[in-house]
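Going down the list, the protein sequences come from chains A and B. Heads up: the first sequence runs through residues 1 to 327, numbered per full-length UniProt numbering. Heads up: the second sequence runs through residues 1 to 382, numbered per full-length UniProt numbering.
FYI, nobody ran anything at the bench for these hints, they're computed from the structure. Be aware that a few hints might be false.
Said to hold, decoys possible - Computed far set for chain A versus chain B, every beta-carbon distance over 10 Å:
hint: 1; residue: G20
hint: 2; residue: E122
hint: 3; residue: P144
hint: 4; residue: R146
hint: 5; residue: L148
hint: 6; residue: C171
hint: 7; residue: L200
hint: 8; residue: L252
hint: 9; residue: R260
Stated by the list, open to error - Partial chain B-side listing against chain A, Cβ under 10 Å, derived:
hint: 10; residue: A116
hint: 11; residue: N225
hint: 12; residue: G362
Since this is a predicted model, take the numbers as computed values, not measurements. Beta carbons are placed, not taken as given, at the ideal position from N, Cα and C, and that holds for glycine.
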Amino acid sequence: MQAPLLAIDGLRTVFRTPSGEVAAVDGVSLAVPRGRTLGIVGESGCGKSMLSLSVMRLVPRPGRIAAGSVKLEGRNLLTLSPAEMRDVRGGQVAMIFQEPMTSLNPVHAIGDQIIEAMQAHEPGARDLRDRAIEALRRVRIPAPERRLDEYPHQLSGGMRQRVMIAMALACRPKLLIADEPTTALDVTVQAQILDLLRELQAETGMSIILITHDLGVVAEMADEVAVMYAGRVVEQAPARAIFEDPQHPYTLGLLGSIPRLDEEREKLLAIEGTVPPPFALPPGCRFAPRCPFAVKACEAAMPPLHELAEGHYAACIRAPVEQAVAA
Amino acid sequence: MSNAGTSIPELSRQAGEGGAQAAAPKPVGEAPLLAVQDLAKHYPVRRGLILARQVGTVRAVDGVSFTLNRGETLALVGESGCGKSTTARLVLRLIEPSAGHIAIEGEDITRLSGAALRRLRRRAQIIFQDPYASLNPRLSVGDAIAEPMVVHGIGNAATRAARVRELLGLVGLAAYHADRYPHEFSGGQRQRIGIARALAVQPELVVCDEPVSALDVSIQAQVVNLLKELQARFGLAYLFIAHDLAVVKHMADRVAVMYLGRIVEIAEKRALFAAPRHPYTRALLAAIPHPDPGRRGKVTPLGGDVPSPMAIPPGCRFHTRCPHAAEICRQQEPPALEVAPGHLAACHFAATLPPADMAVGGGLSPRAAQRLALFAAGRRGG
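Could you build the full structure based on these sequences and the hints that come with them?
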């Protein structure tokens, strides 16, 4: 098997709080193959955004990465010098966020912002304006020569996200981290942006980490899916298997919570209770207090991920649940 | 999966005990609870500090008509800027319409003011998207829920306190929560508080403005289930504003699709989702990402952006993005065409467009369905 582009191993990101040290990311190991998309799904507070910020080494204070490694083509990003890491960011690894308006500088024309990004990584590069036009053309912005001189407020939300993608891809990254890239967009515009990301991936062969709360978006985009809950990966599998053969009770709860267009249910299968705060995590399995399949043993020890089918892992001692219930 | 009607069928459609609605005389002609006719809201756009010339008009809502019956849910859907939230606020008279009429049980309320307007407010309440922004952080939850009763002079301190406890129970919170403050609650719990507050004065109509959009999916499901239960129990009519069409399909009886200030299609839910007649409705439905990796990338997304409501295209306002646009669409605004009883579509070709293939997949896989059923069964037991 080919070595993955990115390998995250035992990553732990902690925050010092008045109630003690809490782990936003608690022992996460994941791999992103070349040219593929890893979807990371979970609800607010599950640690999915903190995981991506850890990969970029952009964890805000007072947070810090306490353990683990993040290897890009074998090179551990966590041991790079700040200068080396600056080269990686926006160079080999780029990131786009949910709200493009807050990531774009409102007082500079978008062309200047794209050019600035390119200059940062290739000092002395030439034909920058032409290359910026080309970058906008690649993200299917009409009349890029004219758009280059416009300001962020003159663009629609969808156009702004295209500009962000153009900037992110300006230096041909090997990995794009997209954190809820379409959450702020209308559904028809979301479809355009997802389409664009798929096309650009086919063109450039880049890998994508897609962070989202939307199972529909994951199904549209991801090759591999990791489901996170309370700082840990609870299930990981090829996308098809996550939807057709979901194993972890939390994944089941998520699937049951979303209304589907191809089904009519009188009542949604809501998960009872709420996500535990990171400073008051239950002992053992963190989902156990909300889990209808929980038994005593679930509270005794944190279940590790184990392989249930080829490439399909779940951190649940009760999976597959139909066997557990029958027994 | 649980059966239809969920918990309390014998109480369904019974209005809250006592109170104004029980005494309200029923008009003979069975007028709908809410009837909106040619409603419009135009905002002038001014430029200049002193003379402030009007340089344009934002036509946020531009001629909207619909009715809503007792106990029914009508969903208003559309993308940002389509005018759905403005319509909701017009219906409640939170903002003043530029034109058109709003009637509650046949009585025109468009020009009500003073005490009469306050009486209307008792019958029609609203639930907002962001429950944190709509709750006063300095008011305890009990005071926040009791406030509408104080405003409307309902009961005394003791009966109001009892009612607050009852309301907290209804929305799945505990009586002791009354003494706490909004910041002590999670988003889902705050939305429950917002719902309790809206129900405090026993309204007949509740406008739900994106009530679950800010919530995580598992919490969203809890609140959606709660809204359905309360509707069955108290016979509430919901005007349900949302952009998530899967949630709308779950909640609504009828659906109105808005685009640039107009309703482009309105129909009974099943008809709208299975056989939409307006090209915009079709594009909107096709754009929804499905939780089914097998369907990936099968749809060509609609191109372009929604035009500015300051510069609405002439003719059909959707023609700039419509794959079926013809010359007539650039010239004439299409009237709402009744393509089937109760199914209206404002498209010149509504009657002649070939049917769209709206098949969206076969639902959950058998294995996933089996495990979800076990999940539901396990939860009921525990």
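Going down the list of hints, with the structure as the test:
1. G20: A/G20 is indeed farther than 10 Å from all Cβ atoms of chain B, at 20 Å.
2. E122: 33 Å, holds
3. P144: Given a closest Cβ separation of 16 Å, the condition holds.
4. R146: 16 Å, holds
5. L148: 18 Å, holds
6. C171: 27 Å, holds
7. L200: 14 Å, holds
8. L252: 5 Å, violated
9. R260: Incorrect as stated: the minimum Cβ-Cβ distance to chain B is 6 Å, not above 10 Å.
10. A116: Result: violated, 38 Å to nearest chain A Cβ.
11. N225: Cβ of B/N225 sits 5 Å from chain A, so the hint holds.
12. G362: Check passed: Cβ of B/G362 comes within 7 Å of chain A, closer than 10 Å.
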